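Colleague: Work the whole structure out from these sequences, hints included.
Taken in sequence, the protein lines are chains X and S.
Its first residue numbered 64, the first sequence is counted upward by one per residue in our numbering.
Its first residue numbered 594, the second sequence is counted upward by one per residue in our numbering.
None of these hints come from the bench; they were simulated from the model.
This one's a predicted model, so the numbers in the text were calculated from it and none came from an experiment.
Possibly wrong hints are sitting among the right ones.
[Unchecked claim] With a straight-line Cα cutoff of 35 Å, these simulated DSBU-like cross-link-like pairs (lysine-lysine) come out: (1) LYS902(S) x LYS602(S); (2) LYS236(X) x LYS808(S); (3) LYS808(S) x LYS238(X); (4) LYS602(S) x LYS236(X); (5) LYS903(S) x LYS1234(S); (6) LYS968(S) x LYS814(S); (7) LYS238(X) x LYS602(S); (8) LYS814(S) x LYS236(X); (9) LYS238(X) x LYS1202(S); (10) LYS968(S) x LYS1202(S); (11) LYS238(X) x LYS814(S); (12) LYS236(X) x LYS671(S); (13) LYS677(S) x LYS238(X); (14) LYS902(S) x LYS1019(S).
[To be verified] Non-contacting residues of chain S with respect to chain X, defined by C-beta distances greater than 10 Å in every case (computed): (15) THR610; (16) ASP670; (17) GLU813.
[To be verified] Incomplete in silico selection of chain S near chain X, CB under 10 Å: (18) TRP715; (19) PRO723; (20) ALA964.
Yeah, the Cβ is synthetic: ideal placement off N, Cα and C, and Gly gets one too.
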Amino acid sequence: MAKPKVSSDWMAGCSGCHMSFLDIDERIATVLDLIDLRSSPITDLKHPDESGVDVGILEGGINNTSNEEVAHRMRQRSKILVALGDCAVFGGVPAMRNFFTIEESLRRAYIETESTDSSGKIPDDPELCVPTRVRALQEVVPVDVFVPGCPPDADTIFFALSELAQGRIPVLKDKNLSWQ
Amino acid sequence: MTKLTINNKPVDVAEGTTVLNAARSAGIEIPTLCEHPHLTPYGGCRLCLVDVEGARTLQPSCTLPVTEGMVVKTDTDKVLAARKFVLTLIFSERNHFCPFCQVSGGDCELQNAAYREGMTHWPLQPNWQPFPVDASHPYIVMENNRCILCRRCVRACGELVGNFTLGFEERGARSLLVADLGVPLGSSSCISCGSCVQVCPTGALIDRWSAYRGKETQVEKTQSVCTGCSIGCGIDVLVRDNNLVRIEGNWDAELNEGVLCKIGRFEPLAEDRNRLLTPQVRKDGKLKAATWEEAFEMIQSKFSPLVGKKGDGVAALVSSGLPLESLNAFKKLYSDYFQSGMVTTTEEGEYTAAASAFARSTGKSFEGSLADVQKADLAIVFGVDLVKEHEVIGFFIKRNIPNGTKLVVVDPATNTLDLLADVTLKSGKSVEANLVHGITAAVISAGAAKNTDIRVSEAHLKTAILESGVSNNELSKVVDLIKSADNCILVYGKGISDEALKQIVHLAEVTQAKVIGTRGGANSLAASQLGLDSRIKLNGHQAVFAAFGNEDPSQYLIQQLEKAPFLVVQAAYGSALTARADVVLPSFTCLEQDGTFVNFEGKIQQSKKSMTAPEGTKSDHEILTSLAGLFGQKLDTDWKKSITANPAPVTIQG
Chain X
64 MAKPKVSSDW
74 MAGCSGCHMS
84 FLDIDERIAT
94 VLDLIDLRSS
104 PITDLKHPDE
114 SGVDVGILEG
124 GINNTSNEEV
134 AHRMRQRSKI
144 LVALGDCAVF
154 GGVPAMRNFF
164 TIEESLRRAY
174 IETESTDSSG
184 KIPDDPELCV
194 PTRVRALQEV
204 VPVDVFVPGC
214 PPDADTIFFA
224 LSELAQGRIP
234 VLKDKNLSWQ
Chain S
594 MTKLTINNKP
604 VDVAEGTTVL
614 NAARSAGIEI
624 PTLCEHPHLT
634 PYGGCRLCLV
644 DVEGARTLQP
654 SCTLPVTEGM
664 VVKTDTDKVL
674 AARKFVLTLI
684 FSERNHFCPF
694 CQVSGGDCEL
704 QNAAYREGMT
714 HWPLQPNWQP
724 FPVDASHPYI
734 VMENNRCILC
744 RRCVRACGEL
754 VGNFTLGFEE
764 RGARSLLVAD
774 LGVPLGSSSC
784 ISCGSCVQVC
794 PTGALIDRWS
804 AYRGKETQVE
814 KTQSVCTGCS
824 IGCGIDVLVR
834 DNNLVRIEGN
844 WDAELNEGVL
854 CKIGRFEPLA
864 EDRNRLLTPQ
874 VRKDGKLKAA
884 TWEEAFEMIQ
894 SKFSPLVGKK
904 GDGVAALVSS
914 GLPLESLNAF
924 KKLYSDYFQS
934 GMVTTTEEGE
944 YTAAASAFAR
954 STGKSFEGSL
964 ADVQKADLAI
974 VFGVDLVKEH
984 EVIGFFIKRN
994 IPNGTKLVVV
1004 DPATNTLDLL
1014 ADVTLKSGKS
1024 VEANLVHGIT
1034 AAVISAGAAK
1044 NTDIRVSEAH
1054 LKTAILESGV
1064 SNNELSKVVD
1074 LIKSADNCIL
1084 VYGKGISDEA
1094 LKQIVHLAEV
1104 TQAKVIGTRG
1114 GANSLAASQL
1124 GLDSRIKLNG
1134 HQAVFAAFGN
1144 EDPSQYLIQQ
1154 LEKAPFLVVQ
1164 AAYGSALTAR
1174 ADVVLPSFTC
1184 LEQDGTFVNF
1194 EGKIQQSKKS
1204 MTAPEGTKSD
1214 HEILTSLAGL
1224 FGQKLDTDWK
1234 KSITANPAPV
1244 TIQG
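Modeller: Structure, rendered in structure tokens:
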């Protein structure tokens, strides 16, 4: 059997889930033996193969049109889509801004911050992506596997990846679901 | 008994048992959220749905009574799917995304329920409606965004505490937990007992002192007894790395069944007095840190000439909140060895002197227990505000009022219970013996006496009623209540006169009621049995030794003791008196030492050490035995003999 092709990317998150992935330490060698890592934000290639991959992993929620594009691209190109971490699964910390309107959030960020002087301005370049309500990945595209956690424990990520690498859908329970 | 089968297992339970409890008795677990063993079933969350053969839909097991031959399944695909769906709906209703929370990580029942069902995500997203957060209360934060509308808090507030502060406004998804009629919790009728916090299954009601200080798995739990007052409620003390995290009511405690008041639950956490960490000795007019040896030497040199002086030697005061072992040592040292005529507690027998005098004169016990309060259908309260002190006794009366318990308040001062009382009798300056006698006379003359052996002349009754100081109309209302009551209790507290107590006991005999004396501090009864219950008179004494434990000395005590020629203070915390003292001895707090306590109903209980005291301090008992050692004395430790030597107002046991 050929090694399953895996791609990952991140959206509205803190990259902590990818850091937690690196926390699997030397087991990364085992994982890389089992999978063919095609692209990720922490390797040279950033985009999944146009011809498609077996597993696509996304970290972060979706809070603008650029994230939407990333999510759709990953969904189109992967057979199994994994939502990695609380932001991708639930919306996470960025989703707290859903309690406010986008205008309020932008004003707070670009005009009302304590370090901003009178020249503060909300960016309006037409080339920029447009902020939206923060959504979990499953609100934008169908998701096959959910790996919650803020961030998910390295052991949990290793378990999920090794299951996927061996052609199984990981079932998270007990310690992999709630670690204390 | 009713027979049914649950998951093909035959179960035999008493009629009227709920399916949930029947399943539990058979060792079958059904997840629940709104259900709580100490509250009336409510059936609000629907997590406990089960499949009952023949029923049209799934049924909530917490409210469904068993019937003969019922066939119940708790683990079918339909039930499991319903559980996940119920949790999905609860999660999607408000913001339950809690990366870190006081209750998150083992203590959040909502989170645990989802883990139990193996949920990795919410199929439905929250609607992101912000709800108000109320942080106006000194001890409690009300976070409506975390609320799952289970109404456990509302039920606890009403059913356990009888306070009825919490309620809901609006309907459906907009339902909002509010205090009173929507006022901030901090300015509501809340009495800060914290029962709502203890029952909340999520983080909707959190204790602002303990929130975020440690999860369930990171704390050590010690089962102990509250030493805040004479009731002696069962508590669980939660400590992390020797820091007090939280105090919870012990649900299994026979006395309080999980309920606590502000004094037991929150005040030890909010402690902001200066902890005394080293002995201090006054040298050249200034109080300076010293070693224990220096402090003891100073005491020895001052106290040695005072041994055997009854009226002008050492006056000794002790807090009634100290463990019995220490009280006993205190009494042995100062009464027996120093032979001081002034050895008493800081509460000066105000709660106990009349009762112990009465018990000694009659030679027998005459008072009831907290169990009598629980089942009372009429409570007559004499001069004690049970909302402000001995609150748990008050809870037990208040919570039965909706079930028909009547309340009569006899208190010339304004009493918070007045608002709930069916009749209030106000006359004179304190609880007057005449008034109590008047009630008794009115009961007898109305033919309502349950004890028919009592013979009194008509004329005597008439005079007694006339001299009662309240109107005939009011008296007859009380008589009517007594007539229709089966379990009457007469509760008295501080400052009752010998004569008034005699009349209360007489009233109890006539009506076959139970007398309940609240008493004062945690070891009030024991102190009184040791004879430590006289009024403070310091004139002529050349030195004063005061052991306060946790107690904060009152203004009155400060005024009394300030003038002492030589003052030794043994205390855990600094006060105006430690600043004035000539020698300061730092002691343990109640949480830092084991100790025996005798509660108001005579039950002997053990308080357990739950924290380690800071270095340089000593336990009360150790200080007192060391002091005795200075004078070559070895103190007799048989406290049981000492407290049972004289007849007590209640039977001491346990």
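Colleague: If I take the minimum Cβ distance from GLU813(S) to any residue of chain X, is it greater than 10 Å?
Modeller: holds, 16 Å
Colleague: Hey, LYS238(X) versus LYS814(S), does the alpha-carbon distance stay inside 35 Å?
Modeller: Holds, at roughly 23 Å.
Colleague: LYS968(S) and LYS814(S): Cα distance at most 35 Å?
Modeller: holds, 32 Å
Colleague: Within a Cα-Cα threshold of 35 Å, do LYS903(S) and LYS1234(S) meet the stated pairing?
Modeller: holds, 24 Å
Colleague: Against the 35 Å threshold, does the CA-CA distance of LYS814(S) and LYS236(X) hold or violate the hint?
Modeller: Cα-Cα ~28 Å, so holds.
Colleague: Just double-check ASP670(S) for me: nearest Cβ-Cβ distance to chain X has to come out over 10 Å.
Modeller: holds, 17 Å
Colleague: Given the hint that LYS236(X) pairs with LYS808(S), test it: the Cα-Cα distance must not exceed 35 Å.
Modeller: holds, 21 Å
Colleague: Assess, step by step, whether the Cα of LYS602(S) is no farther than 35 Å from the Cα of LYS236(X), and give holds or violated.
Modeller: Status holds; Cα separation ~28 Å.
Colleague: For the pair supplied as a hint, LYS808(S) and LYS238(X), confirm whether the alpha-carbon distance does not exceed 35 Å.
Modeller: With a Cα-Cα distance of about 16 Å, the restraint between LYS808(S) and LYS238(X) holds, given a limit of 35 Å.
Colleague: Beyond 10 Å from chain X, beta-carbon-wise, is THR610(S)?
Modeller: holds, 32 Å
Colleague: Is LYS968(S) close enough to LYS1202(S), meaning Cα to Cα at most 35 Å?
Modeller: holds, 33 Å
Colleague: Hint PRO723(S) vs chain X: min CB-CB distance below 10 Å?
Modeller: Status holds, d = 4 Å.
In the structure shown, a violation is registered for the earlier hints numbered 1, 14, 20, in ascending order.
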